[in-house]
Amino acid sequence: AQKITQTQPGMFVQEKEAVTLDCTYDTSDPSYGLFWYKQPSSGEMIFLIYQGSYDQQNATEGRYSLNFQKARKSANLVISASQLGDSAMYFCAMREGLMEYGNKLVFGAGTILRVKS
Amino acid sequence: AAGVIQSPRHLIKEKRETATLKCYPIPRHDTVYWYQQGPGQDPQFLISFYEKMQSDKGSIPDRFSAQQFSDYHSELNMSSLELGDSALYFCASSSGQGASYNSPLHFGNGTRLTVT
Chain A
1 AQKITQTQPG
11 MFVQEKEAVT
21 LDCTYDTSDP
31 SYGLFWYKQP
41 SSGEMIFLIY
51 QGSYDQQNAT
61 EGRYSLNFQK
71 ARKSANLVIS
81 ASQLGDSAMY
91 FCAMREGLME
101 YGNKLVFGAG
111 TILRVKS
Chain B
1001 AAGVIQSPRH
1011 LIKEKRETAT
1021 LKCYPIPRHD
1031 TVYWYQQGPG
1041 QDPQFLISFY
1051 EKMQSDKGSI
1061 PDRFSAQQFS
1071 DYHSELNMSS
1081 LELGDSALYF
1091 CASSSGQGAS
1101 YNSPLHFGNG
1111 TRLTVT
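So the sequences go chain by chain: A and B.
Just so you know, we're using the numbering used here here: the first sequence kicks off at 1 and counts up by one.
Just so you know, we're using the numbering used here here: the second sequence kicks off at 1001 and counts up by one.
Below are the DSS-like pairs computed for lysine-lysine, each with C-alpha atoms no more than 30 Å apart in a straight line:
1. 73/A to 3/A
2. 1057/B to 70/A
3. 73/A to 1057/B
Everything labelled a hint here was simulated from the structure, so no lab data went into it.
Bound conformation, chain A alone (with noise of 0.2 Å):
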């Protein structure tokens, strides 16, 4: 089963404008982290922003936050303010706690987000 699910494969955005890309999660482990990526055009894979599943608050970092709904089990990012340089590759992340050290990432499919000026 698709562990982490995002259903837009691309989306425009105007400059200055928020948008909102939508992540879905699948687990019964009760401890786990979710975890935001952006990934260039150049090839690197860079953190954005990182929401536990005990957190009672969503996460923000600068003009990114994360909308956690727990009981929908989604994540979904919301870039605020939109900039040219935000055109990347956007992948939501899920880290299980099943084991006690080690633990991996698993992505989704990636949503590509296009900033217009």
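Please build the complex by placing chain B on the supplied structure of chain A, with the hints as guidance.
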């Protein structure tokens, strides 16, 4: 801040040749992960090491092997290369102490392997 270092950045090999990719984790990170990302795909987990021991194994072909050395750097060895092995190979590291799921993996810039 120091990041994960991967070498080489680009590698071109012919079918049936061998390749070795190297990864130097962030200092004091004891866990290393290898991922393979095909064109237009999400990264797929290959294998991981914690304190020089294999900790998890994913969809790694039998033609590939990897190890983590005493200085925590890791190498991915790929033999009998096939056209389908052409991909971006990422190494990532994390600290294994008390952070089994709530810390991010830090990725290197990747090695782009092209098999012709």
